[in-house]
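> Heads up: the sequence shown runs through residues 0 to 336, numbered per numbering that gives the first Met the number 0.
Hints are computed from structural coordinates only; laboratory data are not their basis.
None of these values were measured; they are calculated from a predicted model.
None of the hints are false.
Straight-line C-alpha distance at most 30 Å; calculated BS3-like pairs for lysine-lysine:
(1) 283 to 217
(2) 112 to 317
(3) 314 to 283
Per label pair, the in silico range of CB-to-CB distance:
(4) 277 to 158: 46 to 52 Å
(5) 158 to 279: 36 to 42 Å
(6) 205 to 3: 35 to 41 Å
(7) 237 to 5: 21 to 27 Å
(8) 261 to 64: 55 to 61 Å
(9) 3 to 62: 16 to 22 Å
(10) 255 to 153: 38 to 44 Å
(11) 321 to 89: 47 to 53 Å
(12) 20 to 64: 26 to 32 Å
(13) 293 to 64: 34 to 40 Å
(14) 125 to 151: 43 to 49 Å
(15) 20 to 147: 30 to 36 Å
Ideal placement from N, C-alpha and C gives every residue a C-beta, glycine not left out.
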Amino acid sequence: MKELFPGVYQINIALKDFGPGAVNLYLIHDHSGLTLIDTGWDIPESVESLRTQLAETGFLFADIKTVLLTHCHTDHLGMINRLKSENQAKIYLHHKESEIIQVRYTAQNDYWKKTDEFLVSHGIPMEELSAINNPLPELVSLTPPDVWLEGGEKIPVGDYNLQVINTPGHSPGHTAYYEPRHKFIFSGDVLLPTIATNAATHIQHMINPLQQYLETLKRLNALDISMVLPGHEYPFSAYRRRIAELVAHHHARSRSIQQVFQAHTEKMDAFQVARRIGWTTRTKTVQWEQLKPWDKRLAMMQSVAHLELLVFDQKLIKLCINGKIYYQPFHGTGTSG
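Construct the entire structure; sequences and hints are all you get.
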């Protein structure tokens with residue numbers, strides 16, 4: 000466990016067989032107990048790792064009395080039920096994450112059924128979809144948050160005063176916690192040092208998530224930040240340079256999709272588009288056929304997000320024909336629907 004600022008510690012929890020490899024939790028020491036930002040999965044290995052790292056600095060698992068969640072993906076909130084039941088910890092989460100909790104964790108069979116229907120409507124064949132299954136067990140035991148955040152709140156923790164900032168894009172209620180006096184920010188998954196955040200359209204995030212994410216980056220760019228404390232990888236300081244890289248990455252992807260339509264003037268679905276553009280892994284750019292099954296699912300959702308942004312920017316028209324979704328170039332006439 001590494002101390003980053005006085006009383007602020009970074010905890011690294013391994014995520015076996017999951018893309019980022021590990022998740023960062025952050026701990027703030029308060030005289031009334033410990034505040035934890037995010038939790039990791041609720042599996043024996045993660046719980047033991049957290050207990051061990053706490054003990055290295057003289058803390059106990061039972062000392063955790065408050066949990067501030069950045070968002071409700073399993074690697075970030077998996078332990079909240081354990082912390083609630085064992086520690087009576089107070090849990091904070093943005094209210095816009097409530098639908099994800101409802102659909103993803105309390106009606107899981109319905110969630111996967113609706114997700115499959117969504118992807119099929121965007122063109123992916125069932126034979127491709129049958130190979131795309133969730134690579135993880137359900138590593139979350141859910142309890143409702145005690146406090147639903149709105150954004151704009153100030154939460155005093157020890158010697159710090161955290162400002163709550165809604166930073167949608169990766170999820171609707173994604174939240175960053177900014178400390179203006181010391182100028183550090185717990186950025187969750189919206190700002191990572193080398194990984195391009197997945198701002199994808201899915202059944203709980205349908206209203207132009209990529210446009211929301213680009214607006215989030217503008218908002219973060221306007222802050223005065225000395226250190227970004229991200230949900231994965233490592234803390235970093237050159238945040239404006241990283242924001243510029245992320246914006247350029249998404250603009251380049253949008254241009255590549257427009258080039259696909261220039262070469263193929265007929266209407267296309269998201270699957271046809273996804274198969275024609277390159278996809279960047281950690282080390283290289285690959286084609287659709289080289290993607291792993293789970294990455295294909297993410298690529299489809301990201302393709303829809305880019306297509307929806309191009310519709311928003313009036314570069315494409317969206318068509319619904321017999322329950323299937325298509326896109327075609329916008330030529331100044333017609334309407335989207």
